[in-house]
Amino acid sequence: MYMHDAPRYYGSPREFGDLFAFVAANRGLLDDHDRIAESGIDLQSSIYQWLPNKELRQVFAEGASAVWINKANIFAFIRAKKDRSSVVVHLVDWNPSSSSFEIAFSPAGLIGTQQAELTLLRPGHDPVHFHHYAGESIEIPSLGPWGILVVKPDTGAASHPVAPQLVAPARSVIPVGSELVFVPPSNKEKIQFRILPIGSRNGDTLPEFEGYDPADPPRILRDGTLEAFTVGNNGKQSKPLRVLLRTFQDHRVSSKIQPAPGEGIDLCEKFRPSSGEIKVGASFLSNELRLGGQLVPRGISTSGNSRITAEVDPSWKFFTGRVGIDDAEDRRPCARFQIFFDNKLAFETPILNPSKLSIQKASRVVFPFALAIPEGTKSIALRTVGSGFFPDHNHTVWAGLSATTSGEPPQ
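Numbering follows my numbering, with no gaps: position 53 of the sequence shown is 53.
Simulated from the structure, these hints should not be mistaken for laboratory data.
Possibly wrong hints are sitting among the right ones.
Unchecked claim - Ranges of calculated distance between the beta carbons of each label pair, as one might list FRET restraints:
#, residue 1, residue 2, range
1, 20, 135, 33 to 41 Å
2, 98, 379, 14 to 22 Å
3, 311, 281, 16 to 24 Å
4, 144, 293, 44 to 52 Å
5, 14, 130, 31 to 39 Å
Small disclaimer: the values here were computed from a predicted structure and weren't measured.
Backbone N, C-alpha and C define an ideal beta-carbon position, used for all residues, glycine too.
My request is simple: use the sequences and hints to build the entire structure.
Here it is in structure tokens:
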């Protein structure tokens with residue numbers, strides 16, 4: 001053991017003999033096992049006790065195969081042979097006092113079957129077996145500080161295609177574009193932010209709170225540090241708290257789980273105006289169609305107080321896209337956006353209030369949506385409801401409108 005202010009300490013067999021014996025006895029679970037993915041987070045905040053709520057867990061379950069851990073300072077690392085003949089999860093507890101904790105993960109994401117046989121190995125302890133594991137939460141006894149969870153297929157379970165892997169502790173990295181919601185015990189406030197693609201801000205420092213607005217999007221810096229801020233759940237702007245998440249993730253895996261652009265059936269050409277005007281792939285206000293500071297390769301620009309509709313193909317299962325005010329809008333917006341399935345409201349955003357948002361910041365508010373289309377639906381309607389002094393100047397961009405015919409909606 002290296003210590004900067006003392007001679008190197010090598011330890012004794014009495015102190016570390018169980019670890020040496022454990023490594024020697026399980027060499028076959030260590031040799032030739034490559035890193036698939038790993039993730040760890042250092043949370044620096046005055047609200048350290050806040051934990052992700054159920055919505056965040058659902059994002060993990062749908063967004064990527066993940067190892068969910070319900071306690072801070074516990075990390076998980078997936079290692080596997082190239083042919084997937086052996087898959088293990090290393091669990092490490094860095095808490096000063098080790099105790100039991102719960103984990104959960106999808107067997108299909110690790111070994112390709114719906115169920116698995118699990119064996120927990122710990123130095124100086126007998127193996128612990130979990131039979132017919134199917135993704136439920138299981139309690140892992142105290143590690144002190146290391147254990148290896150051996151994951152093998154349950155031969156009686158149905159096979160399933162192998163999915164990309166992302167191992168994750170309680171607060172962790174999720175696919176780009178996903179929503180994170182953190183709720184404190186009181187449920188009176190929340191932290192809500194969206195993961196955006198990694199930028200290239202070399203040497204930049206995190207901004208101070210001056211000029212902060214809920215419309216400002218968070219950013220992942222080049223070193224993986226995430227900027228996020230809290231917003232009052234009662235609609236009032238409270239003093240924001242900065243939450244810094246420093247992440248460590250295998251980029252070979254993160255590139256696989258980012259949603260691919262252009263997935264699904266492009267619906268931009270299928271919508272027609274019922275009221276107002278539209279332009280497909282172009283803006284009413286500028287040469288480029290932009291939303292939230294990004295160029296929109298496929299989208300629809302509409303005038304304020306507009307309604308556009310499209311007929312639904314019976315094979316469509318999910319409807320996805322993004323909506324917001326055109327970046328080129330030069331007047332204060334006051335609008336909300338709605339989606340209807342056969343004239344039944346399925347999605348509605350809050351009102352963009354001109355008294356709280358500047359023109360520039362309102363144009364950066366983007367509302368993503370991923371909706372299941374009810375069976376038998378005949379039509380989809382997209383509506384911009386404008387009000388205020390310039391109701392017809394709430395020029396709207398409906399971006400990336402697409403439908404999928406199977407599976408789950410993109411995250």
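A quick look at each hint next to the structure:
no.	hint	result
1	20 x 135: 33 to 41 Å	holds (35 Å)
2	98 x 379: 14 to 22 Å	violated (58 Å)
3	311 x 281: 16 to 24 Å	holds (20 Å)
4	144 x 293: 44 to 52 Å	holds (48 Å)
5	14 x 130: 31 to 39 Å	holds (32 Å)
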